[in-house]
Amino acid sequence: MIQLNINGKSFNVDVEPDTPLLWAIREQVGLTGTKYGCGIAQCGACTVHIDGAPVRSCVMTAGAAVGKRITTIEGLAVNGVLTKVQKAWLEHDVPQCGYCQSGMIMAVSALLNDKPKPTDADIDAAITNICRCGTFQQVREAIHAAAKA
Amino acid sequence: MSHAPKISRRSFIISTAAAGGGLALGLNIPFGPGVVRAADGSPEVNAWVVIRPDDTVVIRIARSEMGQGTLTGLAQMVAEELECDWAKVTTEYPTPGQSVARKRVWGDYGTVGSRGIRQSHDYVRKGGATARTMLVQAAANEWKVPAPECSAANSVITHKPSGRTTTYGKVAEAAARLEPPKDVALKDPKDWKIIGKPMKRLDTIDKLTGKQVYGADIRLPGMLNAAIKDCPVFGGKVKSFDAGKAERMPGVKKVVRVEGSAIAVIADTWWHAKTALDAVNIEWDGGANAKVSSASIAEMLKDGLGAEQAFVHNEKGDVKAAIAGAAKKLEAVYAYPFQNHVTMEPMNATARYTADRCEVWCPTQNGEGALAATAAASGLPIEKCEVYKLHLGGGFGRRGAIHDYVRQAVLIAKEMPGTPVKLLWTREEDMLHGMYHPVMQAKLTGALDASGNLTGLRIRLAGQSILATIFPQALQNGKDPLSFQGFWPSGEHAFGYSIPNLLIDHAMRNTHVPPGFWRGVNINQNAIFLECFMDELARAAGQDALEFRRKLMAQHPKHLAVLNAVADKGGWGKPAARGVHRGLAHMMAFGSYVAACAEVSVSGGSKVKIHRIVAATDPGYAVNPAQIERQIAGSFVYGLSALFEQECTVKDGRMEQENFHQYNSMRIAQMPKVESIIMPSGGFWGGVGEPTICVAAPAVLNAIFSATGRRIRSFPLKNHGFQMV
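From first to last, the protein sequence lines stand for chains A and B. Start counting the first sequence at 0; every next residue gets the next number (numbering that gives the first Met the number 0). Start counting the second sequence at 0; every next residue gets the next number (numbering that gives the first Met the number 0).
Just so you know, nobody snuck in bad clues.
The calculated label-pair distances, taken between Cβ atoms and stated as ranges, are:
(1) M222/B / M0/A: 16 to 24 Å
(2) P249/B / T118/A: 43 to 51 Å
(3) P188/B / E90/A: 22 to 30 Å
The list that follows gives simulated cross-link-like pairs (lysine-lysine, BS3-like), each with its CA atoms no further than 27 Å apart:
(4) K238/B / K413/B
(5) K147/A / K199/B
(6) K328/B / K442/B
(7) K114/A / K608/B
(8) K192/B / K159/B
(9) K672/B / K116/A
One-sided and incomplete, this derived list gives chain A residues near chain B with beta-carbon spacing under 8 Å:
(10) I39
(11) A44
(12) S101
(13) Q136
It is worth saying that the hints were derived from the structure and are not from the lab. Since we're looking at a predicted model, the values are computed, not measured. We put the beta carbon where it would ideally sit given N, CA and C, even for glycine.
Please model the complete structure; the sequences and the hints are all you need to start from.
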C-alpha cells in the first residue's frame, strides 16, 4: 500500500511499488483519462505532471511518485472551469479521435507554465507527443491561441 | 455528449409487441401504431430521431466515430432535413443487437472505405425529412389546420395564417403515433443551412477532460483483465507452455490457451496480467511459415513483375506495339512495404459470457461485424448477443473488417462465465498482429514519341491482394479490383489520364502475412507508382511536369480541376524561395478528386523539410468543410509518417518491429503547413477520410527529386538515409 497525491487528493493505493504510475492511476485510482499507448515513453499519451513537470507515467514507478504532487488530465479543470489550454482546444476543435489528447494537453499545459509565450521552435522542441490522426496543425494554432488568452 | 455506456445496458424500450422487444414498461399505447421509446421514455419520431420533452433532439448514428468526424457530419445531414435547432442536437449509437431486432432499420454500420456519409446520405436525410413531416402534421392536427399551412424551422413549428407556434418537444409524442409518410422530398442543396457549414464537432468536450470513455477505459463491476500473446509467426501455434511461475504471481486468476495459437493471463488488474504473461514460458511452433523473410517475399513479388499471367483491369490499344515503336522508352520498378495501422489505442474488447447471453464492449468500425464475431466466438445465436460500441482511439481500417480482438476477448470470457473480462493488447502485440498494408511492387514502362508525347503506358503490379485473404467472395473471377484503386477505367477510382495505349494488370502474389485495409488502402502505393513515374516521363520528354500531365487530361475535367487548383495556389511555374522545390500529384479515389503541390527543401543531401503542401479535393458535396480540412492535414501526417519512417519487415516468419522506437510517427516539429482547397462541384458524393492521403507522398517525392536529383523507388525513405526535419 502506498499513498499517492493526485489532483490534490490523497489516495491509498494497493500496488507493488514498481508498478508503473500509469497503471496505478488507471486501474487503482480509476482515472482513465491518462492513456496507455506504448509503455516505453515514446508516444506521450500517458503524460501527467509531477510537481508541475510533464512526465511519461508509463515509465515512472508508482513508488517513485510517493510524496510528489501528481496532476492528471482530470485535475486540470477546477469545478468544471476549463483551463485556457482546454478552452483553446475546444475553440479550435483540435481533437480527432482524442486518444492522445490528454497527454498532448498535459504536455502543452506544462510548456505554457514554463514559457507563457512559446515560439514555434519552443513548441517543436517541447511537444513530442505522437498523434496518429495528425492534429498537429490545430494543436499549434491552439497553443498560440492559449498563449494569447 | 458521451457514448460512455451505462452499466445498465443501453437498451431501447420497445412499447408494443409489433416491435418485438418485449421490454414494455407499461408504456403501451392502446390504439394505433406503437410508439418506440428511448431508454428515458422519450418517443422515437422514427428510427433516426428521438425528441425529448425539453426539445433535445437525439440523432441516432449507426456508423462509428474514430476521429474522422462522421458522427457530426451525419448529424448535420439529419438535422438539415429535420429543421431542428442545431444547438439542441445530441447523438447516440443504436446497438448492433437492436439493428438485428429491428431488421437493419439503420442500414449498414460499416465505417470503412470512406463510406460513412457518401453511402448513407440519402436515407439519413430522408430519416430527418420524414420526422419533420410527422412533427408538422402532428402540430397541424392539434390546431386542426392543413399541414401545408405550417412550416418548421429551428425546432419550432409555425402556422403561418394564425401565427401560432409550438415546439418539436411538445408534439413529438403525437408525431410518434402517426403513420410515416411514404415519400418525402429532400431539400435542394442550395437551400442547405447546416450541411456544408463548418460546424464544430459534437464530441469534443469529453476529450479535453479525460471523461471520454474509449474501449480501453471501460470498467464494469467485478471485471477482470487479460493480456495475451499470440504466436508471433502468422499461422503458427503454441507448442508448449509453462505457467507455473505466472500462476503464483499477484492477482493472477487463470492462465488460458486461446485457439491453440495464443496464451492469455486473466488477473485482477491488467498490469498483473501483463507481468504474469511475461513470466509464462512459451515455446512456439512457427510451422510452415517460420522461414519466410522480407527478402523471400520480395523475390516472390519480383517474379510476378515478369510473369505471363496477370489480371487485367484497364486496357486500351496495343501497348506492346507502342513500346516497341517508341522513340524513347522508359522503365522503372517501385516497391511498397508492409505497414501497421498503429492506432493510438491498442486493440481491446471487454466481454461477459454466460450460457445464454454474450455481451461485448469494444471500439469497432463495424458494429455488425463485431456482433457477428461475438456470436461466432460465443457459439450463441446472434439474438442472444449484444455489442456496445465505444469511441475508437483511432481506426484507420484496423477495426473494420476483422474483429480478431473481439473473438479473443469472447473466448477468454468463456473461461470465466458471468465475469466481465477486458482484453487489452500491449503495443507489442498490436505491432506483431496487425492487418498489414499489403506489399506491392510495380514495373512501369512508358513509350514517348519523337515529340515527347506519351503514346503508351504499361503498369504491372505484383503483390498481395487484401480481398483474396479476407473477403474472397468479393473477388471478380479471381481478380481483386481494389488492387487497381486509382487505375479503374471509370467509377470511383477512375484513372485520370487518356493514353492511347494502356495496360494495367496485377500478378497476384499473396503472402502469409494477413493484409488489411490501411487508410487509403491501395491508392497509397498506386499514387506513388503512377505520379512519380509521370514525373519521370515528363523529365524524359523534357517537359514541365504540369504541362505534360495536362495534355493527357482533356477528357478528365474534374481530375484536371483539382490539379490546376493546387498548381495555381502552390505557385507552380513561378519562382520558389531559395532552395525550395515543388512537386505535384493527383488521383481519384473513393469517389473524390484530390491533388497536392508540395514545397520541400533538402539540406545536407538528406534532411528533408516539407514547408507547405497545398491540397485540393472535390468530394462532390462538402458536408463539413472544417472537418474536411482536418482530414486532409491529418491524412498527410499518416501518409508522410509511412513514407519516411514506416515499414514492417519479416524475419523468421514474424514482424521485426514491436513499438514506436522501431516504427516512428511524425511529430509536430515535422508538420508542414497544409493549405486546403475544398472545391465541391456537386452532383456526386465522394469520400473524405482517405482520398487525400495518397497525394502527399508522390508530391513530396517529386519535390525531393527536383531538389536532389535522386529518384527514390522503394520505401520508407529512411532506408535511403532521408530524414524528415
